[in-house]
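Participant: Place chain B on chain A using the hints.
2 protein chains.
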Amino acid sequence: MRALNDVDIELLEQRKRGRLMNSLSGFKSANVIGTTDGMGHHNLAMFSSVVHLGSDPALLGVVLRPPVEPENGSHTYWNIRETGVFTINHVSDSWYRKAHQTSARYDAEESEFEAVGLNPVFRCGFEAPAVEESSVRIGLERVDEWKIPQNECRFIVGQIRWIEFPEDAWAEDGFLDLEKLGVVAMSSLDSYHNTQQLERLSYAKKDKPLTRVTGDGEPPE
Amino acid sequence: MRALNDVDIELLEQRKRGRLMNSLSGFKSANVIGTTDGMGHHNLAMFSSVVHLGSDPALLGVVLRPPVEPENGSHTYWNIRETGVFTINHVSDSWYRKAHQTSARYDAEESEFEAVGLNPVFRCGFEAPAVEESSVRIGLERVDEWKIPQNECRFIVGQIRWIEFPEDAWAEDGFLDLEKLGVVAMSSLDSYHNTQQLERLSYAKKDKPLTRVTGDGEPPE
Chain A
34 MRALNDVDIE
44 LLEQRKRGRL
54 MNSLSGFKSA
64 NVIGTTDGMG
74 HHNLAMFSSV
84 VHLGSDPALL
94 GVVLRPPVEP
104 ENGSHTYWNI
114 RETGVFTINH
124 VSDSWYRKAH
134 QTSARYDAEE
144 SEFEAVGLNP
154 VFRCGFEAPA
164 VEESSVRIGL
174 ERVDEWKIPQ
184 NECRFIVGQI
194 RWIEFPEDAW
204 AEDGFLDLEK
214 LGVVAMSSLD
224 SYHNTQQLER
234 LSYAKKDKPL
244 TRVTGDGEPP
254 E
Chain B
34 MRALNDVDIE
44 LLEQRKRGRL
54 MNSLSGFKSA
64 NVIGTTDGMG
74 HHNLAMFSSV
84 VHLGSDPALL
94 GVVLRPPVEP
104 ENGSHTYWNI
114 RETGVFTINH
124 VSDSWYRKAH
134 QTSARYDAEE
144 SEFEAVGLNP
154 VFRCGFEAPA
164 VEESSVRIGL
174 ERVDEWKIPQ
184 NECRFIVGQI
194 RWIEFPEDAW
204 AEDGFLDLEK
214 LGVVAMSSLD
224 SYHNTQQLER
234 LSYAKKDKPL
244 TRVTGDGEPP
254 E
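Those sequence lines, one after another, are chains A and B.
Counted from 1, the first sequence has number 192 at position 159 by our numbering; the numbering is strictly sequential.
Counted from 1, the second sequence has number 61 at position 28 by our numbering; the numbering is strictly sequential.
Chain A extracted, bound-state conformation:
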């Protein structure tokens, strides 16, 4: 085993450290976040920091880099501050390259949708654009935000206002089969992965063996 302590980590060359540190959070979701500035300019940007926060109310969190002045970037952040809404769209194996390309530095007036070749779709009354090519689309409203004191990153809390996904990927017990939809996982800053399900496991109980779960729900007692 290779062992590094905090000083060893600090002494790593900056980009090498970035790739290693971004590997340490394990496999991550691959999402593009859609926003608008309220003047008709759409924005789309890649994120791998979406996290589940709660089911009732239905909340997702996302980590954003420390915002710079609006004229210099951080369009996702400032658009969410301006309009209060955003969409999270799951990336699948048929268009992950386009999703990755959204992380290039485009001007505020340029639409990443146009630049990379993805189509915006809108839900009636909801300002932020979603991605037509995405099989799982989520509309959220910003309900809270925390500035992480150590590095000024922002942790945005979004409440889910609507979701869209293919009916046939939704199991009877509520499980949504992302793998069947070709949704990809990420690792570190740039690695995209398909998945192969090992199994679903029953709710763990003391002194009781785990069993395999099918989409119809928990196995009988």
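No lab work stands behind these hints: they were computed from the structure.
Just so it is clear, the structure is predicted and the values come from calculations on it, not from any experiment.
Keep in mind that the hints are not guaranteed to be accurate.
Stated by the list, open to error - Result set (EDC-like, lysine to aspartate or glutamate): computed pairs, CA atoms no more than 16 Å apart in a straight line: (1) A:Lys-180 with B:Asp-177; (2) A:Lys-213 with A:Glu-232; (3) B:Lys-239 with A:Glu-143; (4) B:Lys-180 with A:Glu-178; (5) B:Lys-238 with A:Glu-143; (6) B:Lys-49 with A:Asp-210; (7) A:Lys-238 with B:Glu-143; (8) A:Lys-239 with B:Asp-140; (9) B:Lys-180 with A:Asp-210; (10) A:Lys-239 with B:Glu-147; (11) A:Lys-49 with B:Glu-200.
To be verified - If we take Cβ atoms under 8 Å as the criterion, some of the chain A residues that face chain B in the derived model are: (12) Met-54; (13) Gly-59; (14) Gln-134; (15) Ile-181; (16) Phe-188; (17) Leu-231.
All residues carry an ideal CB built from backbone N, CA and C; glycine is no exception.
Facilitator: Chain B only, in chain A's frame:
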């Protein structure tokens, strides 16, 4: 496409809603967190909410459910409050069932290590136990915490104090090959997945095609 709005979501049966909402954050890391209560009782618990927060300083975040009174559970949370430290250990395909079993309700005096058959290992001077079977082990110190106002979940910020991983999975450019190590991804509450890398992609630039990255770093300009 099946569409649900916030009222539809609220009206779902509770467990069905839980499984769907937990699916919506995409593929997630599978980790067990090791802690101690400072009186020699070790705890190990499954989490899928670890998120990258920063590389300098090296920070990871993790979401914990709203803590209950210490005598009723939330051992991970109270142990971190007590000792200030914890370990994050990546789960691999050879022992994910043991990891899942740690989520059963064990008493504070019981060690999940013993109950599920995993071995604690200690680093000199660091109170929290790590997992011998894990190929990626991370020791962290709690540096901040945010109580999420909407549901009282806790978002813990941990600074990385040490890491251990197999040397041969570490690419020259800093990328750590989790897939090679058999590290699994999770989806929803109970689904475990192996991964298959599609590719690593170059840093995205405007008007420049993406290229495949090898472990030696960015392709030449």
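Participant: So, for every hint listed, does it hold in this structure?
Facilitator: Going through the hints against the structure:
{"no.": "1", "hint": "A:Lys-180 with B:Asp-177", "result": "holds, 11 Å"}
{"no.": "2", "hint": "A:Lys-213 with A:Glu-232", "result": "holds, 14 Å"}
{"no.": "3", "hint": "B:Lys-239 with A:Glu-143", "result": "holds, 11 Å"}
{"no.": "4", "hint": "B:Lys-180 with A:Glu-178", "result": "holds, 11 Å"}
{"no.": "5", "hint": "B:Lys-238 with A:Glu-143", "result": "holds, 14 Å"}
{"no.": "6", "hint": "B:Lys-49 with A:Asp-210", "result": "holds, 14 Å"}
{"no.": "7", "hint": "A:Lys-238 with B:Glu-143", "result": "holds, 14 Å"}
{"no.": "8", "hint": "A:Lys-239 with B:Asp-140", "result": "holds, 10 Å"}
{"no.": "9", "hint": "B:Lys-180 with A:Asp-210", "result": "violated, 31 Å"}
{"no.": "10", "hint": "A:Lys-239 with B:Glu-147", "result": "holds, 12 Å"}
{"no.": "11", "hint": "A:Lys-49 with B:Glu-200", "result": "holds, 14 Å"}
{"no.": "12", "hint": "Met-54", "result": "holds, 4 Å"}
{"no.": "13", "hint": "Gly-59", "result": "holds, 3 Å"}
{"no.": "14", "hint": "Gln-134", "result": "holds, 5 Å"}
{"no.": "15", "hint": "Ile-181", "result": "holds, 6 Å"}
{"no.": "16", "hint": "Phe-188", "result": "holds, 7 Å"}
{"no.": "17", "hint": "Leu-231", "result": "holds, 4 Å"}
In the structure shown, a violation is registered for the earlier hint numbered 9 alone.
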